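For the record, the sequence lines run as chains A and B.
When you read off a place in the first sequence, starting at 1, and then add 2, the result is the number in the numbering used here.
When you read off a place in the second sequence, starting at 1, and then add 2, the result is the number in the numbering used here.
Some clues are possibly wrong.
Copies of the same chain are indistinguishable here, so a pair counts whether it falls within one copy or spans any two.
Subject to a maximum C-alpha distance of 27 Å in a straight line, what follows is the list of computed DSSO-like cross-link-like pairs (lysine-lysine) [claimed, not checked]: (1) Lys-267 <-> Lys-80; (2) Lys-250 <-> Lys-135; (3) Lys-250 <-> Lys-267; (4) Lys-267 <-> Lys-172; (5) Lys-267 <-> Lys-151; (6) Lys-250 <-> Lys-324; (7) Lys-73 <-> Lys-151; (8) Lys-324 <-> Lys-151; (9) Lys-172 <-> Lys-73; (10) Lys-80 <-> Lys-135.
Please keep in mind that the hints were generated in silico from the structure rather than gathered at the bench.
Values in this document were obtained by computation on a predicted structure and should not be read as measured data.
There are 2 protein chains.
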Amino acid sequence: MRIAIDAMGGDLGPAAVIGGVAAFLRDDTDTEIAMVGREEILGPELRRHGLGSHPRVSVRPASQVIEMDEKLSAIRQKQDASVLRTVELVRDGQADAAVLVGNTAAAVAASQLRLRLVEGAHRAGIAVPLPSKSGNTVVIDMGANTSPKIEHYVDYAIMASIYVEEVLGKPRPRVGLINVGEESGKGDELLREAYSRLEQAPINFIGNVEGGDIYRGTCDVAVCDGLVGNAILKSSEAAAELMVSFLKEELSRSLRRRLGALLCKGAFRDLWRRCDYAEFGGAPLLGVNGVVIKGHGRSDARAVRNAIRVARDAAARGVTRKIRERLASLVPARGGPAEAQGVSGHG
Amino acid sequence: MRIAIDAMGGDLGPAAVIGGVAAFLRDDTDTEIAMVGREEILGPELRRHGLGSHPRVSVRPASQVIEMDEKLSAIRQKQDASVLRTVELVRDGQADAAVLVGNTAAAVAASQLRLRLVEGAHRAGIAVPLPSKSGNTVVIDMGANTSPKIEHYVDYAIMASIYVEEVLGKPRPRVGLINVGEESGKGDELLREAYSRLEQAPINFIGNVEGGDIYRGTCDVAVCDGLVGNAILKSSEAAAELMVSFLKEELSRSLRRRLGALLCKGAFRDLWRRCDYAEFGGAPLLGVNGVVIKGHGRSDARAVRNAIRVARDAAARGVTRKIRERLASLVPARGGPAEAQGVSGHG
């Protein structure tokens with residue numbers, strides 16, 4: 003198995019990415035890693051992490067970087083950008099999966115441009131597994147597509163169902179449509195139409211759900227537009243951080259509480275691990291011809307390590323091929339072959 | 003000050019509402035409460051709470067109830083519904099504010115039908131104060147309007163700014179537009195247009211924000227459509243509940259942790275109080291001619307008590323009049339008088 007990584011992306015820079023690679027390689031015995039980026043930066047950093055002459059680590063040059071705050075149009079000017087070079091390795095059969103940590107819009111655009119959409123898919127979507135009472139719920143889309151069309155909702159539901167079945171190992175995942183209430187007939191026209199199309203799709207559709215159902219685990223896949231998905235992810239992360247900061251304040255208010263906190267230290271650490279986004283490590287971009295795992299922009303070494311694991315597992319289980327087969331089998335039922343679509347520059 | 007309450011609504015029924023009234027009256031010495039609903043149910047329940055002959059509590063009859071899971075069309079069939087009768091007391095000058103605990107869509111529709119929109123407002127929106135590092139952030143809209151138009155975003159920003167200034171006491175509240183990233187130019191056409199209109203509006207607009215900014219307190223008002231607002235509220239509530247349930251599990255894993263938890267008990271209680279939606283108690287429906295406070299559907303007695311307090315304070319500070327004056331002063335600048343609009347049946 004060969005994984006290509008954009009080593010230049012992310013808020014924390016190459017050091018975090020390389021730290022993640024080092025951590026990954028400690029447990030993995032046969033995956034090869036291609037680090038894509040500026041050799042003059044990556045070389046010294048790899049040596050610092052003891053990976054300077056690791057037999058399964060190579061550096062692939064890319065002279066440009068798309069920064070976190072750059073606009074999508076940068077991708078047209080920077081043809082030697084590390085994010086493009088990384089997905090090109092997948093396109094050219096030199097890697098089995100790509101891990102992209104950095105600018106989300108650039109990651110989505112680079113993947114759609116270089117890998118193209120799977121036949122039958124109308125748009126790629128980012129699927130993020132979040133913790134729930136029953137394990138995980140995968141939310142799709144998480145910011146690739148702020149104005150989905152009806153057919154995108156259907157694609158997302160089918161693709162995420164396959165991902166949950168194959169990679170997370172849950173048969174017949176329950177799919178919900180995020181809406182303002184559970185009753186059918188809720189929401190605007192687009193959501194009502196999406197509801198009726200999802201009812202006919204070859205998935206285990208359980209109807210409308212609300213944001214709370216994600217964490218309660220009453221569905222395994224939650225389908226929404228990218229604005230809603232991004233709002234859910236970012237707000238619940240911040241809500242959890244706020245709770246932790248309130249908890250720290252409350253625990254420091256008295257000697258008794260400080261003593262209790264000392265005894266509970268292990269419990270707090272385990273709690274945080276169960277809630278931490280970094281533990282889930284990576285979100286697949288579903289719908290492109292190849293495995294692409296998007297890491298969180300703020301990914302630390304642990305998150306990068308986990309993203310590489312997710313990439314390896316998704317590639318090993320043939321997720322892209324299964325999505326292609328499932329969508330292809332639906333083409334007649336879905337009203338003719340899907341039109342080829344370019345990148346639409348969202349998110 | 004006179005407050006009218008729909009005593010029949012809410013998942014927890016009249017007992018929770020009356021419990022909240024009883025708690026409110028213990029601290030308040032001059033507010034009068036009109037309970038609206040079925041006399042045969044409210045009478046015995048009031049007596050059970052020792053309010054059977056309270057000089058400041060009265061019952062106003064309404065023979066029908068719109069249940070939590072009923073469709074909006076029920077409001078046309080049930081002209082004697084408690085939610086309609088409650089807002090009618092405000093319309094007729096018999097109450098200074100209404101507290102509605104129950105079906106959100108029915109509460110919004112009843113208020114828009116009976117109170118009409120404030121002159122200059124294009125649509126009512128539900129504003130919900132959420133806890134943040136800097137106190138509170140008010141999110142608008144929280145489910146009244148799933149397909150806002152440009153002018154609704156502007157109305158929401160102005161109305162919520164006035165609410166935050168007048169009732170929460172923060173001068174020049176910072177207003178953010180919820181988007182998929184902070185840079186201008188993010189999101190679809192509607193969001194980009196809303197951004198440029200908010201830049202010109204007489205508010206302290208700080209640009210795009212993400213869901214996380216709500217809890218980090220980097221803005222005081224966050225404007226979004228009702229689907230996004232509902233998703234944020236419901237998902238972060240459930241994320242907090244999940245954390246609490248994980249924490250309980252972790253704390254019970256060993257004797258050491260159980261002992262620590264015992265010492266920390268007060269800290270956990272205080273933490274929960276700081277995060278609990280019920281503490282904020284009520285969300286104003288802004289844009290209608292009268293103070294309407296929407297309680298959470300699952301409101302317990304404490305949430306009801308707090309919603310009544312919010313209603314009293316909003317009425318005392320003349321929020322509706324101030325919104326009317328501010329919007330009226332903008333009419334020429336906003337391109338002619340606003341058109342009268344009816345209820346559009348969202349949410």
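Hints, one by one, checked against the model:
1. Proximity of Lys-267 to Lys-80 under the C-alpha cut-off of 27 Å is found in neither arrangement, the shortest distances being 48 Å within a copy and 56 Å between copies.
2. Taking CA atoms no more than 27 Å apart as the test, Lys-250 paired with Lys-135 passes in both settings, with 24 Å inside one copy and 13 Å between copies.
3. Taking CA atoms no more than 27 Å apart as the test, Lys-250 paired with Lys-267 passes in both settings, with 11 Å inside one copy and 13 Å between copies.
4. When the C-alpha separation of Lys-267 and Lys-172 is checked against a cutoff of 27 Å, the pair qualifies neither within a copy, at 33 Å, nor between copies, at 37 Å.
5. In this assembly of identical chains, Lys-267 and Lys-151 lie within 27 Å of each other by CA distance neither inside one copy nor across copies; the values are 47 Å within and 49 Å between.
6. In the homo-oligomer, the alpha carbons of Lys-250 and Lys-324 never lie at most 27 Å apart, since the shortest distance is 46 Å inside one protomer and 40 Å across protomers.
7. Taking CA atoms no more than 27 Å apart as the test, Lys-73 paired with Lys-151 passes in both settings, with 24 Å inside one copy and 26 Å between copies.
8. When the C-alpha separation of Lys-324 and Lys-151 is checked against a cutoff of 27 Å, the pair qualifies only within one copy, where the shortest distance is 23 Å, while the shortest distance between copies is 40 Å.
9. Proximity of Lys-172 and Lys-73 under a CA criterion of 27 Å is satisfied in neither setting, with 38 Å inside one chain copy and 34 Å between copies.
10. For the homomeric pair Lys-80 and Lys-135, neither the shortest alpha-carbon distance inside one copy (44 Å) nor that between copies (39 Å) is at most 27 Å.
In summary, the structure is inconsistent with hints 1, 4, 5, 6, 9 and 10 from the numbered list given earlier, while agreeing with the others.
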